[in-house]
Amino acid sequence: MTYYLQLLLNGMVAGSVYAMFAVGLTMVYGVFRFINFAHGELIAWGAYLVLLFYLEPCSLPLYAAVVPALLVTVLIGLAQDRFVYKPLRHSSHITLLIASIGLSYLLRNAIRLIWGSDLMTYGLGLTRGISFAGLSITWIQIAMVGAALVFLGFLYILLNFTILGKSLRAVSDNMDLADIMGISMKRIGLTVWLLASVFAGTGGILLALDTNLEPMMGLTNLIKAFAAVLLGGAGNVWGALLGGLFIGIAENVGVAFFSPGYKDFISFAVIILMLLFRPRGIFGIAGGVR
Amino acid sequence: MDYLLHIMILVAIYSIFAISLNLEMGYTGLYNFGHVAFFGIGAYASALLSLQGMPVWFSMVCAMMIAGGLGALIAVPALRLTGDYFGIATLVFAEMVRLFFLNERGLTRGPMGLPGIPRPSFIAEGVHGLPMYLVFCVILTILVFLVIRRVTTGPFGRALKVVREDEYVAQALGKNAFVFKIKAVTVGSVLAGLAGAQWAHYVSYISPGDFTLNETILVLLCVVLGGRGTNWGPVLGACAIVFFGEAVRFLPIPPDFGRFVAPIQGMVYGLILVVMMLKRPEGILPEYRSR
Chain A
1 MTYYLQLLLN GMVAGSVYAM FAVGLTMVYG VFRFINFAHG ELIAWGAYLV
51 LLFYLEPCSL PLYAAVVPAL LVTVLIGLAQ DRFVYKPLRH SSHITLLIAS
101 IGLSYLLRNA IRLIWGSDLM TYGLGLTRGI SFAGLSITWI QIAMVGAALV
151 FLGFLYILLN FTILGKSLRA VSDNMDLADI MGISMKRIGL TVWLLASVFA
201 GTGGILLALD TNLEPMMGLT NLIKAFAAVL LGGAGNVWGA LLGGLFIGIA
251 ENVGVAFFSP GYKDFISFAV IILMLLFRPR GIFGIAGGVR
Chain B
1 MDYLLHIMIL VAIYSIFAIS LNLEMGYTGL YNFGHVAFFG IGAYASALLS
51 LQGMPVWFSM VCAMMIAGGL GALIAVPALR LTGDYFGIAT LVFAEMVRLF
101 FLNERGLTRG PMGLPGIPRP SFIAEGVHGL PMYLVFCVIL TILVFLVIRR
151 VTTGPFGRAL KVVREDEYVA QALGKNAFVF KIKAVTVGSV LAGLAGAQWA
201 HYVSYISPGD FTLNETILVL LCVVLGGRGT NWGPVLGACA IVFFGEAVRF
251 LPIPPDFGRF VAPIQGMVYG LILVVMMLKR PEGILPEYRS R
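Line order of the protein sequences matches chains A and B.
Oh and the first sequence: position 104 is 104 in the working numbering, straight run, nothing missing.
Oh and the second sequence: position 196 is 196 in the working numbering, straight run, nothing missing.
Read the hints as simulated data drawn from the structure, not as lab findings.
No experiment lies behind these values; they were computed from the predicted model shown.
Watch out, some of these pointers could steer you wrong.
[What the hints assert, rightly or not] Using 25 Å as the maximum straight-line C-alpha spacing, the simulated DSS-like pairs for lysine-lysine come out as follows: (1) K161(B) to K279(B); (2) K186(A) to K263(A); (3) K161(B) to K86(A); (4) K166(A) to K186(A); (5) K279(B) to K186(A); (6) K183(B) to K161(B).
Bound conformation, chain B alone (with noise of 0.2 Å):
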């Protein structure tokens, strides 16, 4: 019972990390392959605060908000480039995120990790808490989850299609692409910053091996499964990539072969991206375009 809370937990907090991504890639066409920066950013940024003895909504709050800034300024340079070479760009900006983690050991302890992250206050430390911190995720999953949709239904979303499609079109239309780009990638790097907040606060341990490509690569499978430039899709594909991952747990696997389990994991996930851009690159659920 505990086990099945700990995966909603993590289907909330990777729906909520996959939102982010989609809004950036989905409805922007900024193909961020960088995004676990930011993630881990808000991670570390909410841990050290609350590990300062700050109240844990206002570590939040301000990783939210360093995780937004640095998305902003970053965001400004890396914009003069286009399509692959952001992906690469960002990609790249990930990878130098995680050696600073690994080497800044006054600041985040490197490879040690930062250990004893506390949960909020009105959420039990322990077991106990899980009910709560569950709901506490899933509040802010939907909440998430209706402001991205209220805000990409609406003209603003309709704006970020445009400049999606074609730059100059929406440049004809009075539309500034270059800032309608940055606003995306800030409101796409505050939301990683509080998933990775979130997950922080629940694992109550981190280390920068927790931020690699592969989380990279397990949120982009997220929201292309799920199908990019959807409202559904990231949280469908995020709910459908955990529960793959942990229900490999609970195959019949002898002992011996405990170690192959992963690698298989991985290949899965690696197949799976390959044949979705072979077979489906619209994802399960497709956008709606009307013709």
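Extracted from the complex, chain A is given alone in its bound form (with noise of 0.2 Å):
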């Protein structure tokens, strides 16, 4: 029984990670309705970014290394926005996945560029974890669930009590109403961006301290994300959140049952399932926020 709660366990962590990157995803989609492919290298850039930092030249301390490298996630984010997205803002859909998928495969490759294919860690040695009823966590694990709470919850009061979060939703909904409501499409831009970036980069920099960086990580958690983001109907934010934790659930238990080897299998047949027979998700809040 502690065997199966620990897993349970376990899936709400990596699931508190994969609702930080789905909702990031789910909020572009919902304002500029495309599929950004390469969402999955800002949460690899920001992990790697702060090993960039961390180590030499700048040994900053790893708490300190953060905020640079989010800084610079940021701005990538925004330059992917301001150099590939915004002049492609009118084409079709597939002009702007086939551009993102191009944009991905720019960003990984770069990565590999820079710090190579290899595995790597921020080598900060084996963190004890602390137990209670036989089920052990570490304290890393507590603050990626720490963190997606506070930056959910941030998020929250954004959307629900403030002019800029209630017009990020309008436009969400409706963009020409919004438009012509006089509410700045600049200005929603760049907070969507600027969210999910950030939102990205801290959930990579936290999964790279669980576990470790490689190249891939940022498809890997993509995908995640993605099938977190069909759960939820698309461009439904606290759907998409509900959806990552269901996804880190789901990965975590299904352990117990069949070949770690499939593990990412659950993401992919979600995904196929979800586009097949509920296109709109089964968490959707209808009518409510978007």
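Combine both chains into one complex, guided by the hints.
Next comes the structure, spelled out in structure tokens:
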């Protein structure tokens, strides 16, 4: 029994990070109506940039390295929009998707160029977990859940209690109408890319603290985030959150029932099944917060 | 000289692969981002059959049929989706196929891959067989090119383009859009299977790592660069991409920097894809459209 509870706990930890990725991805979809394939690279770049500022020659302490790393991640996110997606805003979805696949390939290979293809870690050594009732959890994992709660709580306040957040929801609901009402698209676009980059970067850093860094981490997590987005219904922020948690738990509990080699199969199957049978999502909160 | 033969064989194989993707992407407007799955299925099916002692030509025909059959089977549910969602679903399908190759060790030997895949019996093994294998590949490529050109310039090709431009118009003209799409995907998968089989028998060793998203991006690049919906576009794209990929090896790069070559190559591929979308989405050879 404790075994399954432990798997559930691991799943919730992983799920909270997936939720952060998924929320960013779904916000970009909600406002700009395309699937940003390069979102995964923001995750990887966030994690690798911390490595850059943490190791020689910068050798900042880890907590201080996070700040410039997130700043650069945001710059990459904004540059994606400025140089690729903005000029293509009126093209078809497919053109945007192909461009974002190209962009993601470009960014991923840039990581391989700078840091090589091998597995890397921050080299913090093993941390001792704390145990209660037979379950164990490390401080980093607690930090993962904590950070997810803080960030998503902040997002909740932003979306519900500020003019900026409300206009963001309005744009996501109906871009033309929002434009007519005098909502500045420029400002909204900036906010969305900022939030998406910060969420992806932070999630990537936390994930790298818990496990390791590799150039493919962006793509792997993008697929999980995308499965979560579809579970929640594309464009639905709180649906994506629940979807992320669901994917995390399903993956980790699933390990008890079949070979770990097929762990990623769950996200793949979720994507295909959701696309085919429930393209509007199952966690969709009808008419609620989008 | 042998190296030049090697490059030309790759061009021939990639041309078939790109032509097959172009049939789906360019003519029918089905953005299949998982086309490498059928390339991989063809490669594995043909390799496994020939390793069991079947003649190579028979394995290749079987591989094409298996790839085509699976393509049709997958297309039926997947074609309920359109545009970018079809793309994502096929991409995910390709990753599932790769995981299958990786994990079903009883069948595919997993990450160890399949070594010692034989060439057709009339072609010598090793370097001596290269000129003959090139002739074999080129004949197949020309055959595929001619058949596809015949098909796409005829009524079938025009119907595919109508389906691409507007499904409702196609239906109003009495063309069953769904059936046309299924046909396009099936033919595309058969040809991708052929390319995969040719490739497996050429390199004689395959492993799941050969059928990743990288190959999808490469063949996508061939089609997009050359020109979607044209006959010569994918062939031109395949030439350009393969020659670029191989030419990089001849640059005077100090051995210490050897590890930088592959990432830079990848960055250039990604950049070309982005720039093409921004500046010239129709490709080098644009599709002729009568206004």
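We went through each hint and held it up to the structure:
1. K161(B) to K279(B): With a Cα-Cα distance of about 23 Å, the restraint between K161(B) and K279(B) holds, given a limit of 25 Å.
2. K186(A) to K263(A): violated, 40 Å
3. K161(B) to K86(A): violated, 29 Å
4. K166(A) to K186(A): holds, 15 Å
5. K279(B) to K186(A): holds, 23 Å
6. K183(B) to K161(B): holds, 13 Å
In this structure, the earlier hints numbered 2 and 3 are contradicted, and the remaining ones agree with it.
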